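**Q** Starting from the known structure of chain A, arrange chain B on it as the hints suggest.
Chains as they are written, first to last, in the numbering used here: chain A, 1 to 803; chain B, 1001 to 1803.
Note that these hints are calculated values from the structure, not bench results.
These numbers were taken from a predicted model, which means no experiment stands behind them.
Be careful, since some hints might not be right.
Straight-line Cα separation of at most 30 Å, DSSO-like style, residue types lysine-lysine; simulated pairs [to be verified]:
(1) K776/A <-> K1579/B
(2) K1579/B <-> K99/A
(3) K1776/B <-> K99/A
(4) K1249/B <-> K1661/B
(5) K661/A <-> K615/A
(6) K249/A <-> K776/A
(7) K661/A <-> K624/A
(8) K1661/B <-> K1676/B
(9) K1615/B <-> K1661/B
There are 2 protein chains.
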Amino acid sequence: MATAADTAEEELPPSRFSDEEDDEEEVEEQRGSMKEPLLEHHPVNLRRLAPNNTSQLAIVGSNLCPIETLDYELIESDLFNQDWRSRGRAAILRYVLFKWTFCLFIGIVAGAVGFFNNLAVENIAGFKFVALSNLMLADKYWTAFWMFTGSNLALLMFATAITAFVSTAAGGSGIPEVKAYLNGVDAPDIFSLRTLVVKIVGMITAVSSSLHVGKAGPMVHIGACLGAIVGQGGSRQYHMTWRWLRYFKNDRDRRDLVTCGAAAGVAAAFRAPVGGVLFSLESLSSWWRSALIWRAFFTTAVVAITLRALIDVCERGKCGLFGKGGLIMYDVTAENITYHVADLPPVILLGVIGGILGSLYNFLMLKVLRLFSIVNEKGRAYRLLLAATVSIFISCCLFGLPWLAPCRPCQKDDCSSTSQSGSFMSFQCPPKHYNELASLLFETNDDTIRKLFSSGTNDDFQKSSILVSFISSYFLGIISYGVAAPFGLFVPIILTGASYGRLIGMLMGSNSNLDHGLFAVLGSASFLGGTMRMTVSVCVIMLELTNNLLLLPLVMLVLLISKTVADSFNPNIYDLILKLKGLPYLEDHAEPYMRQLTVSDVVTGPLRTFNGVEKVGNIVHILKTTGHHAFPVIDEPPFSSSPVLFGLILRAHLLSLLKKKYFQPTCTISGCDVTKHFVADDFSKRGSGKQDRIEDIEITEEEMEMFIDLHPFTNTSPYTVVETMSLAKALILFREVGLRHLLIVPKSSSRAPVVGILTRHDFMPEHILGLHPFLKKSRWKRLRFQKSTISRISRSYLMWACS
Amino acid sequence: MATAADTAEEELPPSRFSDEEDDEEEVEEQRGSMKEPLLEHHPVNLRRLAPNNTSQLAIVGSNLCPIETLDYELIESDLFNQDWRSRGRAAILRYVLFKWTFCLFIGIVAGAVGFFNNLAVENIAGFKFVALSNLMLADKYWTAFWMFTGSNLALLMFATAITAFVSTAAGGSGIPEVKAYLNGVDAPDIFSLRTLVVKIVGMITAVSSSLHVGKAGPMVHIGACLGAIVGQGGSRQYHMTWRWLRYFKNDRDRRDLVTCGAAAGVAAAFRAPVGGVLFSLESLSSWWRSALIWRAFFTTAVVAITLRALIDVCERGKCGLFGKGGLIMYDVTAENITYHVADLPPVILLGVIGGILGSLYNFLMLKVLRLFSIVNEKGRAYRLLLAATVSIFISCCLFGLPWLAPCRPCQKDDCSSTSQSGSFMSFQCPPKHYNELASLLFETNDDTIRKLFSSGTNDDFQKSSILVSFISSYFLGIISYGVAAPFGLFVPIILTGASYGRLIGMLMGSNSNLDHGLFAVLGSASFLGGTMRMTVSVCVIMLELTNNLLLLPLVMLVLLISKTVADSFNPNIYDLILKLKGLPYLEDHAEPYMRQLTVSDVVTGPLRTFNGVEKVGNIVHILKTTGHHAFPVIDEPPFSSSPVLFGLILRAHLLSLLKKKYFQPTCTISGCDVTKHFVADDFSKRGSGKQDRIEDIEITEEEMEMFIDLHPFTNTSPYTVVETMSLAKALILFREVGLRHLLIVPKSSSRAPVVGILTRHDFMPEHILGLHPFLKKSRWKRLRFQKSTISRISRSYLMWACS
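Bound-form chain A, shown alone:
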């Protein structure tokens, strides 16, 4: 066994960047003279002595978990190649058939789950509001208050408790975790069956508890869970497995299924099939192929058809309080919208304010998450206590605020005394009157949004009510999200945007001919653009929600403006949360300073390599003493005339080899009979967090002295870069091809055939800036604002979590 570290110089290279620590003005002056010689052939030094000390932990759901990188590379070992070649036409056909069957399955289940969620929420929350309304009509105000607060508290406590005690990975919206997974970061339990169940049940109860939270984020996670579970052949823990799914036991196929699942989740949440595909494409996934678009599209089409069929059932009135208002679908087609160039200024204004409010929302959200995390860190009891406090506070706000609003006489038919979905509520008002604020607050969020979006209702609400409703939903939304239970951000953002948009519409008064309902729609779009910074997908989702294509140019305009404005303040909410959670997300662009570095400037070590035929003892020792997930295999004399890079072998495969105990007594190449002892399935990747551990494998002293021929199990086609490659270009390769390990080969032939391995963590800004602190000062660091603030927050957040 050779450690290439032996050949490496141990001194740190003289910094070629020291010039750039100077002030910017000075650099500006020196530009002409160019102190740095163009041809400085600086010695290549690999810092093999210091390991990469970036955190291998991140917050997944609401708890700190170990994370692991996914491997999208094709493993081309001889064994795998033989297996692949031995697959007949039937096997290939079966593979293709399964791929599509899985999508069909994901689509049907996601559609059914989305429908069931809505049904449950509408019935639980609807029943609550009916009871409340009846008590208010009977003038039993205190009873109503206690009933309201009590039921909200009970629902939220249940959601928080199952999250804390059964599956912490189910907490939060799950979108950052799904985004990280699709970027290549895996964590145990994020896609387990347990998480799925907790997510569904917790989301229903949490959303029913009048918190300002939504169903869309969890639906994305639920869809992704479904994809991952079918992809790993069921759940081993609960003995629900399909043994014949071996072709899907790799990260590539699972990634595709998770992508389709996430798209299905969005489609089910919003009944927006095209929007779902686009959301997956624009916001979630980091790799994409044209063929996958089609598969995702198929999945969301199945979702749409499933939903349609289920709604057909419900239209026969068998779904309790789940009426037309059930699924989010703010049908405003009735309105034949006309607008002209003169209507643009208010729309532009809407976009600008939406951008400012959105970035402020992100900023405040981050602060609140950080604050709440200090409480959450102290244990489950504190989490429950926090949830209880938030629930009671919100219940009080919701119950208290309507008393400020005046009573107004009813003008329409739907101002009924018995509260039903979508009607106007009398609250404390005399009969034939309604309380504006109560009509906005004592509803499920979906119904409130529908009210705000509807056209021809310019006179239903007064400015003051809408203002109060806007302020309350803005801040209650922020506070709600800090609770460690499963729910999302989408719906509260749409709601907040709708009330703010309507407010702007009212303030415009006669200066604009546009309907206030239209203003509400555009307000929602602008606020979505300001917080989530998605464009095409939000646009399509808004169109599919409102079912009005004529809105398109206006929605596009407002989105573009709000995104542009907000981008100048901070990144989008999901990226902020990703950073806060400490997930090592690999951006698709290189930071400017990466062009100043070569791969050898960041690689850490020590590098451990194996010989083609290696002693078992060495393997066990190295696996025990390092955490590396892959090792280069070098053929040295007598197996070759000079040291030759044979390939890369994965830790997981080594562990499988050791478990099988297929050892040989002498150091020779074993020949071609490995397929008698092994099948490719022995090396297939298992589900998240279900890896073998070296500690669990028992090897006798005698076996330790034996040998393994690693050749048939080694990936013979690892991707490589020369050590002088710039880090920026290595990142492009790493990210575009979806690698987990990237070998570094020497530029000259006098060295060992491989001099280092790059992993995801070597590209993380924290690592690079830690190795080269002077880059922090240089103006090549980064252009985005506030990122430093975020990473500071993130660090402190991680600190409590680690402690």
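**A** Same frame as chain A, but now just chain B:
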């Protein structure tokens, strides 16, 4: 100067695939025994003696042109890096500002061009039909016939003539060329100002000439042209250049602009901004970034707003015959579509038949293109003759067919005697009667589609008329496309699909409750799915065209079915045309047999390398004797202790160096004063087909003996693969990162530091199967059907073109 070929063994390697030439059954039997040893360390042999003889020519537009690969790699030479580092904040800001300004410009111009095209077509064709109608009313049938045929002939001859004499690159739809460009294949003149003008004028006249052709394809090309022209800083030929656009003088930025331009073209053609972005994403572009989605979206939003503003102008009635029907927008919102599970069977049937008809359409189209190409090859006169024949034939068909149809009494108001857009035509019928076929045929395609799509018109047409209309549009569309003039396929396909869909609806009779207009819409979708095989983008375009989101699940269903059915017969029409044209399109997936090969199995030579400091004479000699576009630079003693790969230098950069004549008398490293003599702009990439040639540079005998220090101009970060890398994985790298050259480094250290270069042509199936003919027989070859047929056709097509 060292040619690494010296070190290569000259024998061909023993074929490791010879086993697989056996019949499949035999291989099936042998699977257990595995003849091939797993560890056969076969000697690596690079076939450096045989050059890659794949064609460097392809048909662009309607003529054979030399093609060239684009280079999306970041060139990280010292000179470029210095330049990049010297850019201040202002330069970066200016760059970003320009990027967005360009998109704004592209959007506005594409919108305006799209509008103008429609205006012109509606007016020219409208005037023609009004005149025809008036003549018919006056019973001057023969005059009408001659007028009709004559005007069609004149219009088409004009379009064909300007294409043949001014810019042959403007012929056809242009979508295959744009797709190839975005894949990395460049051809001179495809995006020149001349092509743009010919495309616009030719398209207007060709579409007005009653050929069954559309405007959408050319609009994509026009949009892409606009993008490329602003990207290369205007047109040098016509002295319309902007000198300060140097940052965009590279292929990466141009690719982005072309992508945005293509999206804008679709958006302008269909008034479908979201559809435009998706079309670009799904069908055209091979590389995509999330940031680019946003930019494309901005461009199409600008298009939508521009169109809206221009239509506002036209609504005041200043646009002649361009009325409400101007832009394709088949508004069927009035219809409140309801459908249930019972309506699915006819929809599924529609999808299946659409798929079959679509693949047959592709097949026939290919046959016709091949047949017509035999005529077209004979020169411009023959092209014109062919166009004339087609035009007269189509005119006769269109004029003759309505005589077969019966006269029916008018039932509606729009059955006016004076023909106007969208009305029913009396043709030879008595007053207050209309001729069904004439009403379908004597219209612009847009108006016919609108008639077929409209709901509540189940009784307007009889089965026989729709059948005749379907057959005529099916075959006339195929025939029309063979003419070498600028037009597209989209609209004829929509039209054919609409008539076929309506026919199915009629045949369904009382078995379906769906409206015949809805059947027409779904028929169009199924036929688009069957020919073009796009899913998400066609779906969104159909929704944006019909302005009815309720159709979504049905359209999705029908698209999925028709695409699946058609995919089992042949590839999509654009891929077929790409192959026919001989454009070296790089697929995003590796063919199965590529996993059986290593990069050294396909690389061809001889490899030419340069020393770090090279003699001018050597450079000139190599540039004159090879066509290579890049050369590895090797540092040899005395500049380094052993041969070291320094980087890769481009031919274009060498030519710039030779032109500048910055030579030095001795073989030494020149030092750091290159920026005194060079700026990065000297090496910036010029527009398509405007490269320097070595023959144009005059070097004296004395200069030939001098030296150039290549170090500062060499890209020090070329991408590399080890020679044992499998071809499939090298392809993934090549394609995902968007390379032009991929260096092959040796696996052992006893060889030259670089042993070969892979280019796009080395991944072409023709090349690989030419080197390893036994792969053709193996079942690892390919799964798709008919590809071999296509390449046969393609070869014969190329043969005439080359001759």
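**Q** Now tell me if each hint is right for this structure.
**A** Now the hints, each set against the structure:
1. K776/A <-> K1579/B: Violated, at roughly 51 Å.
2. K1579/B <-> K99/A: Distance of about 29 Å is within 30 Å: holds.
3. K1776/B <-> K99/A: The given pair, whose Cα atoms are some 28 Å apart, holds under the 30 Å limit.
4. K1249/B <-> K1661/B: holds, 23 Å
5. K661/A <-> K615/A: holds, 12 Å
6. K249/A <-> K776/A: Not satisfied, since the Cα-Cα distance of roughly 42 Å exceeds 30 Å.
7. K661/A <-> K624/A: holds, 17 Å
8. K1661/B <-> K1676/B: holds, 14 Å
9. K1615/B <-> K1661/B: holds, 12 Å
Comparing the model with each earlier hint shows violations of hints 1 and 6; every other hint is respected.
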